[in-house]
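Once you've looked at the hints, go ahead and assemble the two chains, each given alone in its own frame, into the complex.
Chains as they are written, first to last, in my numbering: chain A, 1 to 196; chain B, 1001 to 1440.
Think of the hints as simulated: they come from the structure by calculation, not from any bench.
Take the hints with a grain of salt, since some may be wrong.
Residues from chain A that face chain B, not an exhaustive set, calculated with beta carbons under 8 Å [to be verified]:
{"#": "1", "residue": "D127"}
{"#": "2", "residue": "P134"}
{"#": "3", "residue": "L137"}
{"#": "4", "residue": "V138"}
{"#": "5", "residue": "D142"}
{"#": "6", "residue": "L144"}
{"#": "7", "residue": "D145"}
{"#": "8", "residue": "A148"}
{"#": "9", "residue": "R159"}
{"#": "10", "residue": "L162"}
{"#": "11", "residue": "Q167"}
{"#": "12", "residue": "D170"}
Cβ coordinates follow ideal geometry from the N, Cα and C atoms, glycine included.
Each chain is listed here by its residues.
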Amino acid sequence: MSPREPRRSPGEPEWTPVPKPATIAAIPAARQASLDVREDLRQGREPFGRIMGALDALGADRVLVLRAPFEPVPLYRVLARRGFASWTERRADDDWSVWIYRELTTPVASETPTRPHPVRPASVRLDVRGLEPPTPLVRVLDRLDTLAPGEVLEVLHDRRPLFLYPQLDDRGFAHETDEPEPGLVRIRIHRADPHT
Amino acid sequence: MIAGSPPPGRGPSVLLPLAYLILASVAFLVAALGLPWIATELAGHYYHPHLLALTHTIALGWITLAIMGASYQLVPIVLERRIWSARLGRWQLVVLVVGVVGLVAHFWIGQWRGLLWAAGLIGLGALLHLLNIGRSLRRQGDAVQPLGRTLSAGGFVLGLAGLGLTVAFGLTLAANRLAGFLPIDPFTAVAAHFHLALLGWVAPMVVGVAARAYPMFLLAPESGGWQGRVQLWGLAIGAPVLAGSLLAGSARGMVAGAVAVAIALGVHAGCIVGMARGRRRPSLDWGLRFVLTGTAYLAPAIALGLGLVTRVVSGPHVALAYGVLALGGWVSLTIVGMMLKIVPFLVWYRVYAGRAGREPVPTLAQLTWPAMEQAAYLLLAGAPLALAVAVGVAIPVWICTAGTVLAGGAVAFAAALSHVLWHLVPSRAGRAAAAAGARA
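Only chain B is shown next, with the shape it has when bound in the complex (with noise of 0.2 Å):
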């Protein structure tokens, strides 16, 4: 029992966690309206100019940027340690917008000598990322307890670690665009930095955040044990094996690896669905519905991607399918459930949390739009396995059409975030608590 108390001062940034998943919102809103615009060239080759600048607008403007935020909230929830510097968090923002911003207009354009410089940025954001999360980490004087080998802590070194060599992998690439150093092919380069990404960076932070916040919502017990040591050595070993193997060519290394993260993934996968069963809350709202959902896509990504390791099918219209089920389906979508669970407590917490106890205030639910999330899920839900169908079988119409449900969702999406947003307007706070003390 370590007894202590924190000292008086500043709780957790509520503005810089909800910068990150605004930008981050921007960005999927941007990626899927523009999913129509590009459905010949999605119909095509994924090694294309505008599909590399998609994937990145995805990839880094929505899926880092959103993980990101999401860390500088569920560091202090999840792990229990104070934001070691939010200043340095806002600047790292700057760099990483400047940065990806570059970086998506020089693939859109094809001009690699400005993309070397705008992925400089973004390996410069990398780093204030890992030096600010790993010194939170580190901060244990005010702490009850060690960080300690949870699951949750586990997953976020994981991802760290992962960040760190997907960004570094990332400027060897780009840097290889101009001198042409690297002894291997594009495509091979192209797939082992989109696996780092995914299995070394996206996933264990996916795993540690659901460790202890999926519970946190869902009103069930934690898993961890020997399904956690599974997750958390399954990702640490595959995610490497199979980048590595796939640089080097080895077949073996590659099964090795796809099939060390999928028994990883598949356990993480039971555990949610055993949280969902053994849930003492009686029903789902649309933030969990889309979580849920989510990991359902881990069945037919884990699929295909066993499929190509060991090349029962192949090509480059399955390995895009492949990717947008994994980005797509399981990534966003799990996404896009946490964003609808976060940031109404983070606008909440900021509005109306100095007036709790002392005057009636609006519930969580009261701020949110229950019927534009509903929208958001009805057209989101099933897109991305449409839109997988559509780029697997190449057909540019299903493409433009799936692509077009898909962004009809994102725009619902960002409407029901808007309306939670909307509570940071002062008189639309004090209107909402006028409300509310009617009713109470």
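So that you can see chain A by itself, here it is in the shape it has in the complex (with noise of 0.2 Å):
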């Protein structure tokens, strides 16, 4: 994310305002975190490092208000690969804010602020279904080492990968395997809890 770099692509849609999602909508001011990098990008430094750094402590039920002096549209494929969903909002032509968070796994009764919520960790959704062997079990090694804690690997796969189960053990890696429908194999990974 730099001040020089395109706001936006040539043949990428303009942006258009969209309603704020009900998940975000219902977080109280308390869990949220906010951001101002509009300063940084002004005086020309990256700001990519803070953002990251605010992301990586940002708890599982809050969400990050990122305030920019343009629409971060670069920032939206890093927040995906990271298993963070966004919305934006336009407050004027140079001023954005962005909101970050984990998706929640229901929807958040605005009634009930008081309960906690329950929420699902980011999840990256890894498909090897189709791959000769042993393709399936490198990416999903390969995939391990970026893997942030809290967050969930779910792979689905053709067959239940015995091959692979001793290797996440070995990694410190927690996994579930069920069978959503026949012939689907899903099995969810996560870094263990030390303490467990």
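Written as structure tokens, this is what we have:
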């Protein structure tokens, strides 16, 4: 994200406003973190590291409100890769707010704000169906190092990968397997809690 | 939907199937190298001590050890079941190797008394295999889904039943050698024993593995449904009916059993052709070419088998040619092809899986030696057909020539496998990983 970077690539659609998602509309101010990078960009400083640092420190049930002087389109791909969703608000032509959050599993009941929100960790999907062994195994192992704490790697597989499980156990990852439909095996992988 | 995670612990054993497959390859090499030396005997009647020794080197040393070794890898992959006891599998291998060496040696020297203890050891080894795989298939505590009625599971169960019957009948024949209590002629008994082994044990295992492993390698849709049922029921009914009718001397029963088997294996071949045509994989590696070529051998083997049972053709030379097409063509080329797929995976997993994702590692293709695999294919693909023709016309020089070509192919196959196995040596693995890092 740089002030010299084009804000929107040629051919990309113009920004159009969308309603604020209910999931973040219900999050109280106490659980909102703010990060204003407008001054950094005006001074010619790269704010990417600050943004990633704020995201790393972001609790699972919190939202980060990022202020920028333009719509940070390239950032969206980075957020998606890290399992974050976002909603963008244009306050003025040179004042944008991007609400960055992890998706909730169930709609938040606004009338019960004191109840803890059931939160599903950010999930990254990896589809290895139709690949010849050991390519699925390699793809999953390659992805593990970049798996953030709390992030879940959801692997879609043709079969139950018995050769993968010991590798996950050795590397300190927990995993659950189910079969949502015949012929589709889903493995959810996340860093194991060191205290368990 | 049944949820569950396997308990933490050791994964499928890699060295266990590798040990079986390496020893099976040694048996294949020994049998192939021996072919030119017994060309004269191959031009005679099949009921010759040296030919019985050769047949059992192939059937037990090569084919049975290869299938058992592949089972110890494919049961976890294809049927998603953990092996009940790897230790039992190791003891089973020791017992079987001693038994096979003893059996082949006693056939070779024509000592029937010693044959009995060797056959007993093989029976014990087969019993251990039935126990181990049977218990592995029954374990469902950590499984995603029950074993179900898949073609793969059906093939494995049918094959295990066939193994039990084949070994029990073989032990009976060995005992009959000494006591002479069976009122059947030895040629008929050998034919029944051969068909129980081929159609009761080997064929269902090939069908079961093919149903899931071939689509995995060809990147093709799996077959099943009515085609799977025809394959299983055809073999389940045809093999015992054919063997029983041979013993009972029932010509109609033999024809009925043979037709049922021919339909089953014909549908099996049709499914594989369908997979090959519908595959998403753009090019075939040498392992898959071996598998498909082996499947093509089903056509002449079935034709000759039906010709023998309907007495369109007859005689010991034609029977031997039929055996060469079935064991040397269909089964052996299929096993060679599967080994060229399975062994590199096992070695890669053993040496490099723990490093994958942490540092650059060689790909599976970088473990193999395609030029040597190609040489093996060029020599082995047509050699069983040439050998079948040679034994059919019973000309020793032709047999010696075809046998030499086949032996050359077996040497090339062994060299290609050795190239892969070399990665098990730590210094070689380190150099390969460093080379992968440099490429990355």
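Hint status (Cβ of A/V138 to nearest Cβ of chain B, threshold 8 Å):
holds (5 Å)
Item checked: Interface hint status, A/L144 versus chain B (Cβ within 8 Å) -> Nearest chain B Cβ about 5 Å off; hint holds.
- Taking 8 Å as the limit, does the beta-carbon of A/L162 come near enough to a beta-carbon in chain B? holds (4 Å)
Can A/L137 be said to touch chain B, with a Cβ gap under 8 Å? holds (7 Å)
(Q) Given a cut of 8 Å on the nearest C-beta pair, is the interface hint for A/D127 held or broken against chain B? (A) Violated. Min distance 14 Å.
Would you check whether A/P134 satisfies its interface hint, that is, whether its CB is within less than 8 Å of any CB in chain B? It holds, given that the least Cβ distance between A/P134 and chain B is near 6 Å, below 8 Å.
| said: Under 8 Å is the threshold here; is the Cβ of A/D170 close enough to any Cβ of chain B for the hint to stand? | reply: holds (7 Å)
Hint check, A/Q167 versus chain B [nearest Cβ-Cβ separation less than 8 Å] | holds (6 Å)
Legend entry - Restraint satisfaction for A/R159 [CB to CB of chain B, less than 8 Å]: holds (6 Å)
query = Does the nearest C-beta of chain B fall within a distance shorter than 8 Å of the C-beta of A/A148?
reply = violated (15 Å)
Just to be careful: measuring from the Cβ of A/D145 to every Cβ in chain B, is the smallest value less than 8 Å?
This hint holds: A/D145 lies near chain B, its Cβ roughly 6 Å from the closest one there, short of 8 Å.
- [ ] Tell me if A/D142 is really an interface residue toward chain B, meaning its C-beta lies closer than 8 Å to one of theirs.
- [x] It holds, given that the least Cβ distance between A/D142 and chain B is near 5 Å, below 8 Å.
When the structure is compared with the earlier hints, violations turn up for hints 1, 8 and for no others.
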